[in-house]
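Trainee: So the chains spell out like this:
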Amino acid sequence: MPRPALRHRFARRLPWRAATLAAVLVAACHPERSRSTGSIDVQTGGAANPNAANLPSDDGQWVRPAKDFASTRFSSLTEINTQTVRNLHPIATFSTGVLRGHEAAPIVANNTMYIITPYPNIVYALDLTKPGLPVKWKYNPKPELSSQGVACCDVVNRGVVFDAGKIFFNTLDGHTIALDAATGKPVWNTKVAEINLGETVTMAPLVVKGRVLVGDSGGEMGVRGWVKGLDENTGSVVWTAYHTGPDQDVLIGANFKAYYAKDQGKDLGVSSWPPGMWKIGGGTMWGWISYDPVLDLIYYGSANPGPWNPDVRPGDNKWTATLFARHPEDGQAVWAYQITPHDLHDYDGVNEQILVDLPIGGATRKVLIRPDRNGYVYVIDRQTGQVLAANPYGFINSTTGVDLKTGALQYNPAKQPQVEKVVRDICPAAPGAKDWQPTAFSPVTGLLYIPHQNLCMDEEGLSANYIAGTPYVGMNVKMYPGPGGNRGEFEAFNPVTGKQAWAIKEDLPVWSGTVVTAGNVAFYGTMDGWFKAVDARTGQLLWQFKTGSGIIGQPVTYRGPDGHQYVAVLSGVGGWSGAIVAGALDPRDSSAALGFVNAMRDLPDKSSLGGMLYVFGLGPAT
Amino acid sequence: MTRERPDTVARWQELGVLLLPALLFAGLATRRSSPDALAQTTGQSEATALRVCSDPNNLPFSNRAGAGFENKIAELIGHELGLPVTYDWWAQRRGFARNTLNAGDCDLVVGTVAGMEMLATTRPYYRSTYVFVTRRDRHLDIRSLNDPRLRTLQVGVQLIGDDFSNTPPAHALANRGMSRNIVGYPVYGDYRQPNPPARIVDAVAKGSVDVAIVWGPLAGYFAKRSSVPLTVTPVSPQVDLPYLPFVFDIAMGVRRGDSTFKARIESVIASRQPAIDSILDAYGVPRLPLAHRASP
Chain A
1 MPRPALRHRF
11 ARRLPWRAAT
21 LAAVLVAACH
31 PERSRSTGSI
41 DVQTGGAANP
51 NAANLPSDDG
61 QWVRPAKDFA
71 STRFSSLTEI
81 NTQTVRNLHP
91 IATFSTGVLR
101 GHEAAPIVAN
111 NTMYIITPYP
121 NIVYALDLTK
131 PGLPVKWKYN
141 PKPELSSQGV
151 ACCDVVNRGV
161 VFDAGKIFFN
171 TLDGHTIALD
181 AATGKPVWNT
191 KVAEINLGET
201 VTMAPLVVKG
211 RVLVGDSGGE
221 MGVRGWVKGL
231 DENTGSVVWT
241 AYHTGPDQDV
251 LIGANFKAYY
261 AKDQGKDLGV
271 SSWPPGMWKI
281 GGGTMWGWIS
291 YDPVLDLIYY
301 GSANPGPWNP
311 DVRPGDNKWT
321 ATLFARHPED
331 GQAVWAYQIT
341 PHDLHDYDGV
351 NEQILVDLPI
361 GGATRKVLIR
371 PDRNGYVYVI
381 DRQTGQVLAA
391 NPYGFINSTT
401 GVDLKTGALQ
411 YNPAKQPQVE
421 KVVRDICPAA
431 PGAKDWQPTA
441 FSPVTGLLYI
451 PHQNLCMDEE
461 GLSANYIAGT
471 PYVGMNVKMY
481 PGPGGNRGEF
491 EAFNPVTGKQ
501 AWAIKEDLPV
511 WSGTVVTAGN
521 VAFYGTMDGW
531 FKAVDARTGQ
541 LLWQFKTGSG
551 IIGQPVTYRG
561 PDGHQYVAVL
571 SGVGGWSGAI
581 VAGALDPRDS
591 SAALGFVNAM
601 RDLPDKSSLG
611 GMLYVFGLGP
621 AT
Chain B
1 MTRERPDTVA
11 RWQELGVLLL
21 PALLFAGLAT
31 RRSSPDALAQ
41 TTGQSEATAL
51 RVCSDPNNLP
61 FSNRAGAGFE
71 NKIAELIGHE
81 LGLPVTYDWW
91 AQRRGFARNT
101 LNAGDCDLVV
111 GTVAGMEMLA
121 TTRPYYRSTY
131 VFVTRRDRHL
141 DIRSLNDPRL
151 RTLQVGVQLI
161 GDDFSNTPPA
171 HALANRGMSR
181 NIVGYPVYGD
191 YRQPNPPARI
201 VDAVAKGSVD
211 VAIVWGPLAG
221 YFAKRSSVPL
231 TVTPVSPQVD
241 LPYLPFVFDI
251 AMGVRRGDST
261 FKARIESVIA
271 SRQPAIDSIL
281 DAYGVPRLPL
291 AHRASP
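Just so you know, the sequences run in chain order A and B.
My numbering numbers the first residue of the first sequence as 1 and each following residue consecutively.
My numbering numbers the first residue of the second sequence as 1 and each following residue consecutively.
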């Protein structure tokens with residue numbers, strides 16, 4: 001528990017001190033209440049509540065990577081809290097048998113845990129009711145070998161999702177598969193992406209209103225990005241929304257109304273490109289989708305445009321790096337906001353969006369919070385697409401801010417990359433202030449918990465490369481730690497004030513997801529393998545455990561069949577940041593992994609490969 | 001972690017004013033490489049086959065039927081070493097070296113750009129250039145990147161999607177503010193089709209573009225076989241100032257550290273260069289003389 005002085009200092013930073021403390025007290029004094037009702041009253045205090053409709057009472061399961069449709073990654077369980085967490089210990093482990101980067105969240109439904117490995121995308125179902133969590137079934141989709149060569153940044157998979165008795169997931173070679181959750185038998189299998197065109201799939205699907213929503217990866221390959229809505233029961237593709245090209249292809253129709261003038265007009269997905277260039281314009285979608293059942297809108301962002309260099313594609317390059325609101329059943333867009341027009345730095349726009357109601361300007365606003373790769377936490381009215389605030393959560397010099405009147409991102413011309421020109425100290429580097437690793441939000445503290453990196457980059461000189469018999473030239477990109485010298489940070493950020501509440505500096509990029517609980521504990525992992533629990537109010541380290549490999553997975557917490565709370569995470573280093581280990585890249589090749597290797601030369605000394613599930617609890621081993 | 005200031009840039013800047021075409025680029029592309037620091041891992045003395053890493057679907061370079069010039073050169077080397085040639089087939093895309101050569105599944109890449117960092121490259125065995133490809137019946141006779149007609153004609157350009165990278169013509173036209181009349185052809189192409197990068201040459205023959213700027217070996221081979229007569233002209237200048245090369249030295253690649261094997265391959269290249277040249281001639285590979293450099 002925080003000492004009084006600490007609590008006082010913390011409370012001063014927050015406008016809703018009373019509300020926060022009230023919520024904390026509810027959680028601390030009535031742990032049984034939480035256990036029995038399955039949810040704390042998130043309306044307590046009223047300062048910073050997730051949309052109630054988006055946060056159904058907590059059944060103690062974890063059926064999708066983001067926990068709820070609002071993507072809070074918040075659990076109302078309180079048995080593991082700031083006082084008990086010190087007693088946490090592993091109660092079971094399980095080797096996945098796969099060595100590459102494990103980014104998935106373990107999924108818990110009906111007393112079963114479902115995990116998916118990176119390529120070859122093996123799905124395991126583990127029985128939570130039996131000691132040692134034995135395997136109930138295993139499914140190997142046997143993806144095409146060649147998909148490994150197509151994937152850009154390690155062969156990751158970000159998780160399965162459970163809905164209505166089925167497990168849904170994507171394979172690297174572009175299939176979406178539904179399995180019977182009880183037996184592991186395939187129900188349907190739809191090929192959604194074409195690896196021969198450079199398309200792969202790494203994202204976790206979202207299932208809403210009878211649709212399985214899937215997007216592609218492969219922006220580095222000259223593909224044209226999309227999201228598809230599949231029929232949940234049959235797997236047939238009901239709609240496809242492209243992120244470049246004419247309105248008809250983007251599913252922009254009569255009901256579309258962009259908030260800003262810059263995003264209004266006919267067929268901007270064509271006219272904001274040189275003729276025809278939109279056909280190979282990128283704008284994939286390999287990140288996160290949220291859903292507001294009241295407004296009946298899904299929210300997601302598209303990735304960066306291609307090809308590089310940006311001078312080949314003058315114009316805004318719509319609809320790349322763009323936030324979309326769509327109806328899930330037919331995919332029709334309701335609004336769009338291009339976050340990063342004419343991207344220069346590889347700032348994909350695919351990060352998570354957290355749907356909460358926040359007190360802003362004296363009123364409660366239905367907002368979408370998006371910690372973007374470009375370094376700003378955007379707070380956006382999710383009904384209209386109006387940007388209410390855009391404040392930095394990491395160090396930024398590539399842009400100078402966001403004009404809230406026009407919605408325009410203000411570029412810093414001094415940091416514009418140009419072939420044959422040396423540009424130094426571009427911050428954030430290409431992976432952004434934060435990449436795919438998702439944020440959590442606690443309605444108890446009103447804070448976002450942002451796992452992120454702190455990297456800058458130089459672009460200097462050219463070197464030759466060779467693909468498909470063709471020599472080409474690229475900038476030598478080198479990444480290195482940003483201001484302060486730490487490469488990562490676990491940060492608590494107040495979305496109302498737009499300011500940091502506290503931050504933990506980490507030597508390595510924090511490439512894991514996070515979870516925060518009503519017990520005021522936030523969990524995250526480090527790339528050298530530490531799994532950490534910190535006080536959600538202060539950032540104080542409460543507990544840590546060293547796992548076998550670096551952690552880039554998404555922790556989850558759930559109530560087991562015995563009624564007790566558990567925490568689970570996949571360990572297994574890799575991903576873009578860990579490519580030096582996962583791909584056994586040469587540490588002397590500083591531009592390898594698009595320059596990320598330069599910043600990670602010490603990782604092979606700190607972590608080695610190996611996918612392993614860890615389940616932690618307070619009681620005896622099962 | 002300390003910031004590293006690579007020496008590459010300084011070297012580039014010093015050399016910038018002295019820049020000589022072609023000669024320089026292979027040297028520039030060779031950033032730090034110290035293969036001697038790696039363990040010697042060849043085991044080639046007991047080799048029973050010349051294990052070649054190769055793309056099964058990319059003529060004129062290679063294909064599964066062995067019909068590419070790199071296949072012919074591999075056979076030549078196998079013959080010289082007294083070894084049968086075997087292949088590890090893998091599309092030559094991102095991850096090619098990682099999944100083949102560096103995975104230990106094969107030992108030799110027959111074609112790569114000299115100085116490529118993720119492998120150890122031999123002395124170059126040919127030098128080619130990007131070329132303009134036009135229909136002969138158009139009589140366009142475009143020779144220079146500075147030809148004003150490039151601002152109005154439809155110009156086909158090979159494109160790479162990789163972040164921070166692209167082909168020299170893409171960069172050069174972008175530098176000139178020319179993008180409205182570019183038609184991009186991803187080098188990756190659609191791998192379900194035969195020889196995916198070749199679509200750009202088809203586009204010239206069909207008249208979908210007026211002119212294309214294409215890497216020489218690809219253009220030379222498919223122009224020779226086109227039913228519509230095509231003209232292939234080397235791009236001038238060879239280096240678009242200050243630094244952008246259109247001419248590249250092509251070498252063979254082995255694993256970093258395989259220095260004994262590399263030396264054997266280099267000695268075959270040295271002794272059989274005329275035979276290699278004949279193979280390249282037969283495939284219509286446009287070439288420029290290799291610079292005479294002191295042997296390393």
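There may be inaccurate statements among the hints.
Computed spacing ranges between beta-carbons, pair by pair [as the list claims (entries may be wrong)]:
| hint | chain 1 | residue 1 | chain 2 | residue 2 | range |
| --- | --- | --- | --- | --- | --- |
| 1 | B | N146 | A | Q264 | 38 to 44 angstroms |
| 2 | B | R149 | A | A254 | 41 to 47 angstroms |
| 3 | A | S95 | B | S227 | 54 to 60 angstroms |
| 4 | A | A414 | B | S227 | 50 to 56 angstroms |
| 5 | B | N146 | A | A414 | 50 to 56 angstroms |
To be clear, the hints were calculated from the coordinates, so they are not data collected in a lab.
Glycine included, C-beta positions come from ideal geometry on N, C-alpha and C.
Trainee: Is 38 to 44 angstroms a correct range for the gap between the Cβ atoms of N146 (chain B) and Q264 (chain A)?
Mentor: Holds - the Cβ-Cβ distance for N146 (chain B) and Q264 (chain A), about 40 angstroms, lies within 38 to 44 angstroms.
Trainee: Within 41 to 47 angstroms or not, the Cβ separation of R149 (chain B) and A254 (chain A)?
Mentor: Since the Cβ atoms of R149 (chain B) and A254 (chain A) sit about 44 angstroms apart, the hinted range of 41 to 47 angstroms holds.
Trainee: For N146 (chain B) and A414 (chain A), compare the CB-CB distance with the range 50 to 56 angstroms and indicate the outcome.
Mentor: Once the Cβ atoms are compared, 29 angstroms apart, the range 50 to 56 angstroms for A414 (chain A) and N146 (chain B) is violated.
Trainee: Given the range 50 to 56 angstroms, decide if the beta-carbon distance of A414 (chain A) to S227 (chain B) lies inside it.
Mentor: holds, 52 angstroms
Trainee: Could you see if the CB distance from S95 (chain A) to S227 (chain B) stays within 54 to 60 angstroms?
Mentor: Distance hint for S95 (chain A), S227 (chain B) holds at roughly 58 angstroms.
When each numbered hint is compared with the structure, a violation occurs for hint 5 only.
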